[in-house]
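Visitor: As a plain string of letters, each chain reads:
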Amino acid sequence: MKNVKKILATLLIATLIVSVFVSCGKKDEAVVVRYLNFKPESASIYEEIAKAYEEEKGVKVIVETAANNTYEQTLTAKMATDEAPTLFQINGPKGYANWKEYCKDLSNTELYRHLTDKSLAITVDNKAYGIPYVVEGYGIIYNNAIMEKYFALSDKATDLTSAEEIVSFEQLKTVVEDMQKHKDELGIDGVFASTSLKPGEDWRWQTHLANIPIYYEFQKNNVDLTSSDTEKINFEFSDQFKNIFDLYINNSTVAPTTLGTKIVDDSMSEFALGKCAMVQNGNWAWSQISEVQGNTVQADDIKYMPIYTGVEDEAGQGLCVGTENFYCINAKATEEEQKAAEDFIYWLYSSDTGKDFVTNKLGFIAPFDTFEESETPEDPLAKEVLRWMKKDGVTSIPWNFTIFPSQTFKDDFGAALLQYAQGTKSWDDVKQLVIDEWASESAAAKS
Amino acid sequence: MHKNLKRYFPVFALPTCAAFAMAFLIPFVMGIYLSFTKFTTVTNAQWVGVQNYITAFTADNNFINALWFTVKFTVVSVISVNVIAFFLAMLLTRPMKGTNLFRSVFFMPNLIGGIVLGYIWNLLINGILSYYGVDITYSAKYGFWGLVVMMNWQLIGYMMVIYIAGIQNIPGDLMEAASIDGAGPVKTLFKITIPMVMPSITICTFLTLTNSFKLFDQNLALTAGAPGRQTQMLALDIYNTFYGKIGWQGVGQAKAVVFFIIVAVIAFLQLYLTGKKEVEQ
Numbered sequence: 221m222k223n224v225k226k227i228l229a230t231l232l233i234a235t236l237i238v239s240v241f242v243s244c245g246k247k248d249e250a251v252v253v254r255y256l257n258f259k260p261e262s263a264s265i266y267e268e269i270a271k272a273y274e275e276e277k278g279v280k281v282i283v284e285t286a287a288n289n290t291y292e293q294t295l296t297a298k299m300a301t302d303e304a305p306t307l308f309q310i311n312g313p314k315g316y317a318n319w320k321e322y323c324k325d326l327s328n329t330e331l332y333r334h335l336t337d338k339s340l341a342i343t344v345d346n347k348a349y350g351i352p353y354v355v356e357g358y359g360i361i362y363n364n365a366i367m368e369k370y371f372a373l374s375d376k377a378t379d380l381t382s383a384e385e386i387v388s389f390e391q392l393k394t395v396v397e398d399m400q401k402h403k404d405e406l407g408i409d410g411v412f413a414s415t416s417l418k419p420g421e422d423w424r425w426q427t428h429l430a431n432i433p434i435y436y437e438f439q440k441n442n443v444d445l446t447s448s449d450t451e452k453i454n455f456e457f458s459d460q461f462k463n464i465f466d467l468y469i470n471n472s473t474v475a476p477t478t479l480g481t482k483i484v485d486d487s488m489s490e491f492a493l494g495k496c497a498m499v500q501n502g503n504w505a506w507s508q509i510s511e512v513q514g515n516t517v518q519a520d521d522i523k524y525m526p527i528y529t530g531v532e533d534e535a536g537q538g539l540c541v542g543t544e545n546f547y548c549i550n551a552k553a554t555e556e557e558q559k560a561a562e563d564f565i566y567w568l569y570s571s572d573t574g575k576d577f578v579t580n581k582l583g584f585i586a587p588f589d590t591f592e593e594s595e596t597p598e599d600p601l602a603k604e605v606l607r608w609m610k611k612d613g614v615t616s617i618p619w620n621f622t623i624f625p626s627q628t629f630k631d632d633f634g635a636a637l638l639q640y641a642q643g644t645k646s647w648d649d650v651k652q653l654v655i656d657e658w659a660s661e662s663a664a665a666k667s
Numbered sequence: 188m189h190k191n192l193k194r195y196f197p198v199f200a201l202p203t204c205a206a207f208a209m210a211f212l213i214p215f216v217m218g219i220y221l222s223f224t225k226f227t228t229v230t231n232a233q234w235v236g237v238q239n240y241i242t243a244f245t246a247d248n249n250f251i252n253a254l255w256f257t258v259k260f261t262v263v264s265v266i267s268v269n270v271i272a273f274f275l276a277m278l279l280t281r282p283m284k285g286t287n288l289f290r291s292v293f294f295m296p297n298l299i300g301g302i303v304l305g306y307i308w309n310l311l312i313n314g315i316l317s318y319y320g321v322d323i324t325y326s327a328k329y330g331f332w333g334l335v336v337m338m339n340w341q342l343i344g345y346m347m348v349i350y351i352a353g354i355q356n357i358p359g360d361l362m363e364a365a366s367i368d369g370a371g372p373v374k375t376l377f378k379i380t381i382p383m384v385m386p387s388i389t390i391c392t393f394l395t396l397t398n399s400f401k402l403f404d405q406n407l408a409l410t411a412g413a414p415g416r417q418t419q420m421l422a423l424d425i426y427n428t429f430y431g432k433i434g435w436q437g438v439g440q441a442k443a444v445v446f447f448i449i450v451a452v453i454a455f456l457q458l459y460l461t462g463k464k465e466v467e468q
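Chains as they are written, first to last, in the numbering used here: chain A, 221 to 667; chain B, 188 to 468.
Here chain B stands alone, though its shape is the one from the complex (with noise of 0.2 Å):
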């Protein structure tokens, strides 16, 4: 049986090894390329070296406004977006009535598409502010706020379901252990709920980290960058410099390769430093 399988192996995995290599491999590496060259067209491309990459960074300040925005709101979201899911979890987890309509209705809104909810998020603010007698694009304070709002009602119930998994993990007898040793809720919390849900937070924490980054439906629908380009994160600069500017689809796309760099190390780090902490049930 074992060997029948081995023989069938380039069989079974071609499908995915195809689908794979037409939608991601190729793809991939033509982007690095065309990021070394000016072009219209993905088949019509002229080598211009690392131009693109200089004028990236030195053209204007679009990129590193852009950067500076998008790592500022992906600090604010993975904490309170972590936090918040948790505690969620925590309470949801515990033995009373109507915990899966809870865990149903917390999860909804991750169903939603971004550009719907963008939308919609921007119809709820622009109501509320309406009152004062300004919009979402007043301020950018305003755009922030609310997308650090969005993103905590999109994500939340995503990774509390993740959480409460872990949390109903933790074996039994090590909180009764707790318990009759005589551990508060706070120090069972600390001592042994956090380390023993350790690789949902890795999961979690990278979940949120990579796509607040990558953040680009949401973030278009709901500020598309007002006040000015004030609220504009990574991946909409990119996408503004590749449509927007005659003959500068090359540097939107140095930009996403260095955008991609940027999340791979991040996101590498992150695995990294909270992989460490997991700990041997």
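Chain A with its partners taken away, still in its complex shape (with noise of 0.2 Å):
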């Protein structure tokens, strides 16, 4: 009996271990994609169209989606599994240079070849490993109503007549002062919403309004962007961002001292509640402006003006249309992972079951040519990125900020620019950090 016991006791206690370590280490058999999503506002559609493929191709598709801001600890951590991503997307060519060693030569890819512009793509020799999957575009937007208000104010102090007559910055500026102070009659808190400097919560300024003076910087000195001397900047045009940022912080909701505390939904929200005229922010912005409870803006008022900042013949300036969203393959999954991956790639931007999620329901503008003229999306502020992109004798920026040396960069340029707008430090301060830090963090990424 007591024997019986014993063994009895010992035999729970074995199948006790072994059930903890077989569930840990068990394995499909079977090819699957996985995608490690970077848009956590889509990750349910990403789910719907992982159901969608697996009923269409029998072909499991698995999604996973990293956190708000937190892409590249995800990655870090998940690519050391055995469950490693097969399908990623990296930032541009620092992403590519962070991830080289993860990231497969798509040039012969189905999808490769259907991209309407190569130089989009992340090719280094020419091989291309990112695939751009969609193209976005930001600038100032506007609420046509509060402008149409101003326009048919007596005492305006501009001779102009719609926002659409807006092409430089010194129009800009009288226009935006001048609604400023009719802010009572116009019914507004500010023109423009909230500067959102808090940490984390500054890319807007410090990554895509810095684009433009590092661009026009680049193109001046005819800078080839794939070489070293992207290394090091004079940032040229720093008054012209200085113009633009001075406007956005003096002319706005709240007092410039208060910004620390501002994030981005508190701006898309002022907007959504018509409590501002003007924000800048992306094409997908669209559902921070549509999903805000008790939404004043109406969808047809909703328009895009480029972002001036003083340069010579700004008239011709579009908005930055660019993508920092790039496909990888990852070239250390087995090769029938790696064709899956593709296939489900390729699906996606071509079967009209893929491409109809892509344009609807994740509202993107593919930058495909398996894509028909009617096929973009409906929102409207895709649909006004589109109008600037095909706008007779305007020419969009380029996403330069790609090749930003890094986010310690760029989380300090944000610093600098909040001691800036709270009076703690000077331009000149903060010019020479961009400078300084532009220089060291390049250097540093190299060693």
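Be aware that a few hints might be false.
Keeping only pairs whose Cα atoms sit at most 35 Å apart, straight-line, the calculated DSBU-like set for lysine-lysine is [stated by the list, open to error]: (1) A:Lys666 x B:Lys225; (2) A:Lys610 x A:Lys376; (3) A:Lys666 x B:Lys464; (4) A:Lys495 x A:Lys320; (5) A:Lys495 x A:Lys338; (6) A:Lys320 x B:Lys225; (7) B:Lys328 x A:Lys495; (8) A:Lys259 x A:Lys347; (9) B:Lys401 x A:Lys320.
To be clear, the hints were calculated from the coordinates, so they are not data collected in a lab. Every value quoted in this text rests on a predicted model; they were computed, and no experiment measured them.
Mind docking these for me? Both chains are given alone in their own frames, and the hints should help you get the complex.
Guide: Pasting the structure below:
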């Protein structure tokens, strides 16, 4: 009897331990696509896509989503596991530098063949390592209803009659400052939505707005963006950056000293609630406007204006159009897994079901020739971006911020902008910090 | 029976040992190894020797600044947390009504997670500072004292509970003897109470010291280093080095190893020093 008990106990313990280990080490044998998604706001749509793909093609797609602002962290952690993503994304040349050992050459894939503008891809020595899957644009979003109200005023300080006519920084400045004076009549708290400068919420300025002076500087000096000449800048257009930045913070819904508490959502909801007339953001922000409770902005009234900063001949300047979303396929995955990932992204951007998801659910402007003219997203911001891209005599500004040296550079730049807004740092110090950190962070990335 | 236990020792100890090895020993050894390499993911590393350690100290002043800020913060919060917690414990061991209620209330902040706590205090402090037209990112002073206040709020209840246990363990006859011998309240406090609760003091200073030194989530949520990197503590600096700079994962890892050594040395030193003062009951 005693023996039976003993054996039973040992067996029980053994099964317990074994079951723990077995459940840890379980592995699927069938080939699957593992996608690490960058956009948390689209997580549920990707789940639907995965379901549709499995129904149509019988291949399982496992979508994992990194929480906001943690893509690099999540990717770093996942890459070291047995269940590493086979399909992931990088944010441009800098992301490629970090992940190059994991990026497979994609120049022979179907999807790359259909890419309309090959210069958008991440290419090294004629090999494509990252395929852009969405084109996005940003500029100053304005609420035309409020603008019309302003232009109807009898004592306005400008001859312009509509926001469409603004084609330079000077005009923008006159209009904005005059609007700020008339803010009570217009029923707004300020012209611009609050300039969100809370750490981690400052990317609209240290990345997107900074793109413009850097673009002009590289263009003026004919800098080859793939060469090492990008490792140093003089921030020659810092005055232009200051122009627009001052305009943003001084004609806003809130005082410049309180900007350290503001987040992007605050700005977008101010715009959606009609408390301000303008906000700088990209077409991805549509859901942040439309989903705000008590939204007063009509879809037809939402328009885009390029970010004028006061450089010469800026009438021909368009929106900033580009991407920082590039598909990569894990070079360390098995050949079957790589093939499965290739098939999946090609299906998503070429089959009718896939394309429907892309344009109507994800709201992407897709840079592939598998899409017809009519297959574009319906939301007002995306439509405006497309309108500006096609506009005669206007050139879009590419997204040069993908070659900004590092996140540390951006964070420190953003922190300096906040200190400038609070009045504790002079503009010269901000400018110097940008120049110095650009050089030191570029050097650090190489070592 | 004793023999039986010995025979089954491996069976009973195995799960714990395995968990300890998987969750602590292996990552720890790997971490030290990785600090000597350049790597993107932990399974793909290249040996570079001590270069990472040199870079950590020489490339910029971030690590040194963070270390200095952390030390200042730790000194201030260890003293304030322990002094306040001790006096609360003294107060709440007196015979009066509602002590249990107060004990629970003071202990409660400790049950809230660090990130949530950081955001709550961020809102509170900014709410007050907004009357003066500024916020917590305006000056490093605000960030520093904000962190100290939050740390106190979180840890005082926990330390208080430990001190209460210590004070309640002091034999009543000792106190009685002291009062018969004519010792006043101050003398009793320094000659009887404090020496008798020395084990609690050891454990409380250890906990506050290591917790303050390793502070991460509260720091991230409350100030995230603003203004600039002036309120960035060591753990946050390591995190930012690891993820904020391309190819600097190894340097972040090297900083983490240095960080571990500092925490371990300080903790052992403190345990040794306060442990020496403990008396036998």
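Visitor: Confirm or reject each hint.
Guide: Hints, one by one, checked against the model:
Between A:Lys666 and B:Lys225, the direct Cα distance comes to roughly 12 Å. Compliance with the 35 Å bound is thereby established for this hinted pair. Using a Cα cut-off of 35 Å, the hinted pair A:Lys610 and A:Lys376 holds, with the two alpha carbons roughly 32 Å apart. Distance restraint check for A:Lys666 and B:Lys464: the Cα-Cα separation of roughly 53 Å exceeds the 35 Å cut-off, and the hinted pair is therefore not satisfied. Under the criterion of a C-alpha separation no larger than 35 Å, the hint pairing A:Lys495 with A:Lys320 is inconsistent with the structure, at around 46 Å.
Distance restraint check for A:Lys495 and A:Lys338: the Cα-Cα separation of roughly 42 Å exceeds the 35 Å cut-off, and the hinted pair is therefore not satisfied. Proximity of A:Lys320 to B:Lys225 is assessed by CA-CA distance (about 14 Å); at most 35 Å being required, the pair is judged to hold. Distance check on the hinted pair: B:Lys328 and A:Lys495 sit about 33 Å apart at the alpha-carbon level, within 35 Å; holds. A threshold of 35 Å between alpha carbons decides the hint, and for A:Lys259 with A:Lys347 the separation of about 27 Å falls inside it, so the pair holds.
With a C-alpha separation of about 34 Å, the suggested pair B:Lys401 and A:Lys320 falls inside the 35 Å cut-off, and the hint holds.
This entry does not satisfy hints 3, 4 and 5, going by the numbered hints stated previously.
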